[in-house]
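Engineer: As a plain string of letters, each chain reads:
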Amino acid sequence: MIKIVVGSGKGGTGKTTVSLGLSLSLAENKMPVQYIDCDVEEPNAHLFFKEAEFQKRDVEVLVPEIDKAQCNFCEECAKFCAYNALAIFPNTALVFNEMCHSCGGCKIVCPQGAISEVKRKIGEIHTAIANNKVQISYGKLNVGETQSPPLIRAVKKEIADKNIAIIDAPPGTACPFVETIRHGDFCLLVTEPTPFGLHDLKTAVEVVSLIGVPFGVLINRSDIGDSSVEEFCSNEKIPVLMKIPNDRNIAVAYSNGMPITEADPKYKLEFMELHRKIYERVGNHKR
Amino acid sequence: MKVAITSSGKSPDSEVDQRFGRASYFAIYDTENDTFSFADNAQNFNAANGAGIQSAQNVASAGAQVLITGNCGPKAFRTLSAAGIKVVIGATGTVKEAATKFKNGEMSYATDANVEGHW
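From first to last, the protein sequence lines stand for chains A and B.
For the first sequence, the positions run 1 to 287 when this note's numbering is used.
For the second sequence, the positions run 288 to 406 when this note's numbering is used.
Mixed in with the good hints there might be a few duds.
Unchecked claim - From the structure, some residues in chain B lie toward chain A, with a derived Cβ separation under 10 Å:
| id | residue |
| --- | --- |
| 1 | ALA334 |
| 2 | ALA343 |
| 3 | GLN344 |
| 4 | GLY350 |
| 5 | LYS362 |
| 6 | ARG365 |
| 7 | THR366 |
Derived from the structure by calculation, the hints contain no laboratory data.
Just so we're clear, the structure is a prediction, and the values are computed from it rather than from any experiment.
For glycine and all other residues, C-beta sits at the position ideal for the given N, C-alpha and C.
So that you can see chain A by itself, here it is in the shape it has in the complex:
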């Protein structure tokens, strides 16, 4: 139905707090919701669904395997590889799996037919339907693995068209974030009114604008810091869709695995209102 990405640039601004609040509020209003945790290097939203029984399956990527009996060490594969995942010397062929982006190009350009593709596990997808009707899926990247985008793509494939997907993005604005917001209908950028929040908001705004996903801002802990984030949004004509004041009770509840909507039920209405605003904007954008 609609894919809402919750991102930030800066870590620790409240992406998971907001994603959970939005998901649970929608679910309580009998809307079909899927929670997609794309922060595959450190997924944690599932900790809030204590009763859920997760099913897991492996996610694999294809990497080249060179048959040394057929290889004539011509270097065509290494010349083709944009990521330097292959090194060829007389009588030696090296493959650096962790550099490989699984494009399959080396196999195509090999004149000897010496390259085949083999599967390599990079992580897992865990899925459950939680008692309150939220379907949650999260990716878990293997420790030491550098390529998270293929796993993020796989987690996003769990989204069913009929559902509202709330996608919890990884912090930062590099490849994992770009992969997460691609094909999203809307990106909600969670920030805080501090110089750090503003700095990272600006880089996130640049990326989201470049990808062309409509976006708005949620200011968390809105009564701390300064007014620079609001001034930035007003100057750039970026809509501020919701504010959450600093509240120790919310933080204490969160640290005990209790979502914001349970800590303070008034937020259920506010998140429904947030969803309405986003829905409206996506509609306007699509028209």
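For this one, chain A is given, so just place chain B on it according to the hints.
Structural biologist: The following block gives chain B in isolation, referenced to the frame of chain A:
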């Protein structure tokens, strides 16, 4: 024999570049006739990743049998070893000084990388 030395400039008086994969230049020192030639490494200087692997291949195609540098990461070391290139780590001073030390047999070969990638 040809010896590759990572160099911060295009002269034998340039300092040894402490980085291998993203070294500014490679000096190719010919021990037979005591001459230096220089190869630009700009392609890898700006690489996002895999600079060590690519630089190792460049050093190999330059015909060097030994590499002298400041530091060397694991992927670069693995690639250099596969190419049969011996590695000297911890070189300091100018390229010329490093070359002289090597010629006088005052350097020893490393058995493993001494830094992590992207140090």
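Engineer: Take the shortest C-beta to C-beta distance between LYS362 of chain B and chain A; is it under 10 Å?
Structural biologist: 6 Å, holds
Engineer: Let me know if the C-beta of ARG365 of chain B comes in closer than 10 Å to any C-beta of chain A, holds or violated.
Structural biologist: Because about 7 Å separates ARG365 of chain B from the closest Cβ in chain A, which is inside the 10 Å limit, the hint holds.
Engineer: Given a cut of 10 Å on the nearest C-beta pair, is the interface hint for ALA334 of chain B held or broken against chain A?
Structural biologist: The hint holds - ALA334 of chain B has a Cβ within 10 Å of chain A, the shortest such distance being about 7 Å.
Engineer: Is the shortest C-beta separation between GLN344 of chain B and chain A less than 10 Å?
Structural biologist: GLN344 of chain B check passes; min Cβ-Cβ to chain A is 6 Å, inside 10 Å.
Engineer: Would the stated hint for ALA343 of chain B survive a check requiring a Cβ distance to chain A of less than 10 Å?
Structural biologist: 7 Å, holds
Engineer: Take the shortest C-beta to C-beta distance between GLY350 of chain B and chain A; is it under 10 Å?
Structural biologist: 12 Å, violated
Engineer: Answer holds if the nearest beta-carbon of chain A is closer than 10 Å to that of THR366 of chain B; otherwise answer violated.
Structural biologist: Since the shortest Cβ distance to chain A is 5 Å, the answer is holds.
Checked against the numbered hints given earlier, this structure breaks only hint 4.
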